[in-house]
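**Q** Protein chains in written order, with numbering that gives the first Met the number 0: chain X, 0 to 490; chain B, 0 to 94.
Heads up, some of the hints might be wrong.
[As the list claims (entries may be wrong)] Not the full set, but computed from the structure, chain X residues with beta-carbon under 8 angstroms of chain B:
#, residue
1, Ile102
2, Thr339
3, Leu366
The hints are simulated quantities; they were obtained by calculation from the structure and are not laboratory data.
Predicted, not measured: the structure shown is a model, and the values here were computed from it.
Glycine included, every Cβ here is placed at the ideal spot set by N, Cα and C.
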Amino acid sequence: MPPPAAGSLLSLADAAAGLRDGRHSSQQLVRAALDRIAAVDERVRAFVTVTEEQALAAAADADAAIADGRAGPLTGVPVAVKDVITTQGVRTTCGSRMLERYIPVDDAFVTARLKEAGAVIVGKTNMDEFAMGSSTEHSAFFPTHNPWALDRVPGGSSGGSAAAVAAGEAVLSIGSDTGGSIRQPAAFCGVVGMKPTYGRVSRYGLVAFASSLDQIGPFAHSVQDAAALLQVIAGHDPCDSTSADLPLPDFAAELNRGLKGLRIAAPREYFAEAERMEPEVAAAVDEAIGVLESLGATVDRSVSLPLSKKALPVYYIIAPSEASANLARYDGVKYGYSYTDGASMWDNMEKTRQFGFGDEVKRRIMLGAYALSAGYYDAYYLQAQKVRTLIRREFADLFSRYHLIVTPTAPTVAFPIGAVSDPYEMYLNDIFTLPVNIAGLPAISLPCGFGRAGLPVGLQLIADSWDEVTLFRGAHAYEAATDWHTRHPHL
Amino acid sequence: MDLTLQEVRHIAILTRIGMTDEDARRFQRDLSSILDHIRVLQEVDTEGVPPTANGADLLNVTDADSPRPSRSRDEVLANAPVREDDFFRVRAVIE
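For reference, chain X alone in the conformation it holds in the complex (with noise of 0.2 angstroms):
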């Protein structure tokens, strides 16, 4: 058998096609993925671990499914998986030094779903420390890099997952997006990022930062592979409360029926009036909104969603306030990093958390408590949450007029390696995905052109909760119109 077409790595459609009509075999595609990452992942830093033995091992029984007649929907496929969700025997970093020689003796709900379906995991991706940030520069052991531009970064918190699809190391991969981690990552590694409705994935063994707000989603080059992507993985478990017993659609049910009908809005708070829009991103944005509706979709410019601009304090009041509960677990006692030569049990607990987490960790804990303390809960939490059920109205009312909301994914295209050193300046990243995950909406990065040093720029489309489906189908005629999906960078 010859090697892998070079396209095969690009693509779950052709790299699944190939193992059907016998051009590679699985083995051979993982080791071409894996070859892949020797040759360029000194330079991305995609991944924290590449588990190649375990992957060479799953790609011969993957070939051993084939022959036989077993095989799943991703069975030989190479897929990388964010290191904040767990892999049985192999380690789970979180981007942390809190967990770096942690071993899970689970798989999550998502990761044994990844195998039944035959995927073969080749490693664990780079990822902001507890998935806290919007840049990857904040993993406790090294920066990834933009494969578009090294000196730039990918984006984050799933800045490892987004880079390793986008350099070709995998075909797929699976983020974790609490505020736009899987999405803004996307936008800025020009491929397709896809957050699901809250509730859609469920989090067994996704490693908690703020529990109402994180959801586990597909990357993928294509909004195709992407919806069989969250085929795999979505779906009930009685493993996690907040994971939705609803019978689970077709996502890929309604791809070609183009977007004649549909009603898009492009709300004004996330173009003219947005802060620090790039005028490169307005214009690539701008642009694709005609393409929309040249394909036949109405675009209403005039629509308003007012507190739009609430959605990032509410987010750095809800999400710091449940990740300083949630991370209360790390006292050096049952697991991870652990002081032991301190003064007494205290010393030992503070000096655990001292060395063991970084700066932003310890900023959004220490935020969370503050939010949550007598005397500030009812100013800062409470009324957080309130303005939360606003938030969730506003888009209520809209999707009572409109299919789906288009945006812009980020503000600005990725910017270089140590640039944003103001935590603050750092979080307005994610000012126009933050509100999607306030109301626990649908959402999708995809490529819609280039701006600044040709580097990408992502469009997003948010869909009422629980229709993935048209979220999927406005989705993919954008993308069957255009080719920027079908560019990559140069490594």
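Position chain B against the provided structure of chain X, taking the given hints into account.
**A** Frame of chain X, contents of chain B only:
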């Protein structure tokens, strides 16, 4: 509104995060600046608005009350920093 150094120290104790004086001053600056930005939330009129705890609209999800095997002790203790027999070993809590 600026957090005082004393408030930062107090939060550090609440969250059990050890820190040097220099750390405390850095966090005082960072957290004060972030709090300045999020204070705009007070401007929103939320009179009579109920709070929303999560995006799922789920309430009181319960498990069937049926016994099932738990994890083995070895699994539970697999990542223990210091294990002694079937226990997590810690320093004395009361000395």
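**Q** For each hint, tell me whether it holds in the structure or not.
**A** Going down the list of hints, with the structure as the test:
no., hint, verdict
1, Ile102, "6 angstroms, holds"
2, Thr339, "7 angstroms, holds"
3, Leu366, "6 angstroms, holds"
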